[in-house]
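A.B. asks: Take a look at the letters that make up each chain.
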Amino acid sequence: MADSGTLGLLMQGLNHVTPQSLVMIGVAGVLLYLGIVRKYEPLLLLPIGAGCLLANLPLSPLVAEDGMLRVLYDMGIRNELFPLLIFIGIGALTDFGPLLENPRLVLLGAAGQFGIFLTLLLALLLGFSRPEAASIGIIGAIDGPTSIYVSGLLAPHLLGPITVAAYSYMSLVPIILPPIMKLLTTQAERRIRMPYSQRQISRRTRILFPIVVTVLVGTLVPFATPLIGMLMLGNLMKESGVVERLTQASSNEIANAVTLFLGLAIGSTMVGSEFLKPSTLAILVLGLVAFTVDGIAGVLFAKLLNRLSGGKLNPLIGAAGLSAFPMAARVVQRVAQEEDFENFLLMHAMGANAAGQVASVVAGGVLLALMGAG
Amino acid sequence: MRRYTLGIGDREFVVDVQELDADHFEVAVGDKRFEVTLHGDEDLPEARIAPALPAAASVAASPQPSAPARAAAAGPQAVKPRTAGASLSTLAAPMPGVILELHVKAGDRVERGQAVAVLDAMKMHNLIGAPRAGVIAELCVAAGQAVGHGDPIVRFAD
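Just so you know, the sequences run in chain order D and Z. With this note's numbering as the guide, the letters of the first sequence map in order to residues 9 to 382. With this note's numbering as the guide, the letters of the second sequence map in order to residues 609 to 766.
Bound conformation, chain Z alone (with noise of 0.2 angstroms):
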């Protein structure tokens, strides 16, 4: 556990920061609670830092603490998005590949882990599961298209 005390204006934050897991943290703004997986880790000069929020975490995120929560990844276990530009509202092809199937379309409702796409890259299919549950508003992508590490495959309507 790490506990952070950040002063932001004349507001003061007590953050503690708990690694449940390499990747799996428990972040503890105030009295809420956060889990956060930590998809990445680098040293960025000027990163833009935001914790990736599963929605299916205990507790539903609330917009207001975000601004503490960001000075807490901010400390040495920096927390980034996953890719840049991506957000949970998108799913992202986690490296470059061509995109030989696609399981879902616009409309279908997906469970976390659900395959949503066949990404074929150095010559192996990779399954490519939901990041969360969701209803797919759009497919970014078609089958036979060949995509870059971060282009987005579908995007989540809600």
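One chain only, chain D, in its complex shape (with noise of 0.2 angstroms):
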């Protein structure tokens, strides 16, 4: 016969349900369906989706002193490990060509950070500390990595909710960015046509870009070296075209055994003390403002420019100023053909996009210069 203690242990689990952990597993089953059934970035919002749900069952012992999902997040969220091996596939997926025979087109690419610095000001007024407003800010730099970066070292106990809010917005990219360019452009502007430029880069120069990039930023922004190091590195071993079973490894099987990883130590560490806060409701707010605020800058500044070229400049490729390579520079593309089937904006849109993925890395690094982490 079983006395009430032993059955109590048989009971443990149901015992230790909570109404936190029940809206948690709902949120968990929220980030599931986006990814699952809405295809928002389903390779990271399903293991994050997964993670959390692991999380916040009853005395989960996958995030118990050596739990499998606190050893994944000690191992390389802790100390930024994981993010970084993503940046050496994303460089190495990178095509910075566009952007070399279009230099100019850097200037599209800072105009689009605008709304970090914006959004930092914003959370500093509602409330949250330097560190965290900072941190909320980078969600504007439209570039999951980055945010998961930069908040992992300024404020490790809002990661969860930031790197939700980044990874979202990046995927509503193309729902976003459309009404913003439209409203802010006239049919004639989104009809100028900027014919491919078709100016041959050599393979020297190629090369030559991430060595010279690396140096360049590492030394001017020195917190910014680990993020523009790893991101060249990738782009690096992709021009010299020497290393393709590193180059290949890196995108392919590296980012995505890190991608699974870094899903499941950041779902891990939604737990519903921490996530369930009115901050976390703030900081989804705050990232779409980051991210409207970026693309209104970056459609503006290019109609600037337009004005300064003489009407040359399509002012919707302002847009693609903001990270998310290379979707928003896709993004673009579609915008622009459908005023005009015959206007393909995709090279210098992408140009714009690898500069908005170089800024947003610097940008974070002049955060972290400023919050005078290390």
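Just so you know, the hints here were simulated from the structure itself, not pulled from any lab data. Be aware that a few hints might be false.
[Said to hold, decoys possible] Across the chosen pairs, the derived CB separations fall in these ranges: (1) Z:Gly715 x D:Val223: 57 to 63 angstroms; (2) Z:Arg740 x D:Thr213: 35 to 41 angstroms; (3) Z:Glu709 x D:Val79: 44 to 50 angstroms.
The beta-carbon is built from N, C-alpha and C at its ideal position, and this holds for glycine as well.
Dock chain one against chain two, each of which comes alone in its own frame, and use the hints as you go.
C.D. replies: Next up, the structure:
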């Protein structure tokens, strides 16, 4: 006959179900739904949702000491290893050719980061601490690994909501950007054609570019060195053409495995007591503000460049100045082609987009420097 | 509106260029009117200049006034064809990439804007539409073939 003690041991799980954990399991369900049914960044939202679900089950051994999710977190999030490994893969997939063909597009990449700094100020006004505000602003980089890297250093307790916001909004680029672009431009501006410039970029230039950028950015913004260094390492491997196997491994096997680990570990940080706070809602809203302001600033700045260039630059490509490579550039091409099927802005948009990728990394480094992180 | 008064030999031409749109101009040479599409505008020291006249323009393009029209285009708003070597008799690749699909075959009649090919550039599938109505004379590429900027994709019969 089982006494109440034995029964208590057997029913331990049920007894530890809390309202908070039930809500978080619901949140995990939403993330899984977004990933599986809506296909919003499924590669990330599915593991994050699964990590969140597993971490919020009662007494989950996965997040206890030496539990798998805890080990993954210690192994790659706390020390920033995972986002950096992913950056090698991103570098190996990024083609800086269109940017090298049209270097003035760098300016658009810079403009596309404006939302970061505006959102930082807004977050400060809302009462977030300086490191927290900087971590929230970095959602405006529209770049997952950069957001994880910066917030992991400055405000690890906000990592869950910031990562979810960053990746959710990244996946919403095709939905959020086009209305902004159409609202801020006239039909005549959207129809400006920008013929492909067809400047041949020599192999030597392509190889020197990642090295020069690393040295330059690393010297000017030392806090950005890990991110820019890994991004450019991946690009150097790709452009050199001599380490095909390493390039393949970085952009496929390593990136895939790390994406799984990263998603699970991020999901495991989303436990009720940390996540179910008004601040999470504020972060989601502020992230959206950062994203929207990036798009607006990019397009408006491109309009300015259009004036300066005597009407030759289609302001739509400004929207590609935020990161989210290469999705933002594709959105630009699609919107331009809706107006004029013979207009191909893709290469120019890719240039602005690659510039945005570098600029968001630099912005992350600048934020870390401003906050005096180590 | 900008008026150019040009002398060729001992003849004088009055050319009016009216900007309709960022890349659309109405060019009047004497009493003939043309709708001109501006595909590009850059300073080239020794550029060969000719305006691209869309076949669908309200006025049929007659070959005679080409000399003054060229002269008109030589003004500040220089008009040059979209790509070197390509004219309206061909549809050229707007950027480098790989032709994934061809939606037409030789002998097909296409309307302006009708999908002719799908070009994969920077891993994006781009629909390439016919620049004008006409009959396809020849396919210049096969599916799966890489093309460079300005390479012909199809040739028109007329």
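A.B. asks: For every hint, state whether the structure bears it out.
C.D. replies: Here is how each hint holds up against the structure:
1. Our hint of 57 to 63 angstroms for Z:Gly715 and D:Val223 holds, since their Cβ atoms are close to 58 angstroms apart.
2. Take Z:Arg740 and D:Thr213: their Cβ atoms lie about 38 angstroms apart, and the range 35 to 41 angstroms holds.
3. For the pair Z:Glu709 and D:Val79, the supplied restraint of 44 to 50 angstroms holds, since their beta-carbon distance comes to about 48 angstroms.
Consistency note: the structure conflicts with none of the earlier hints.
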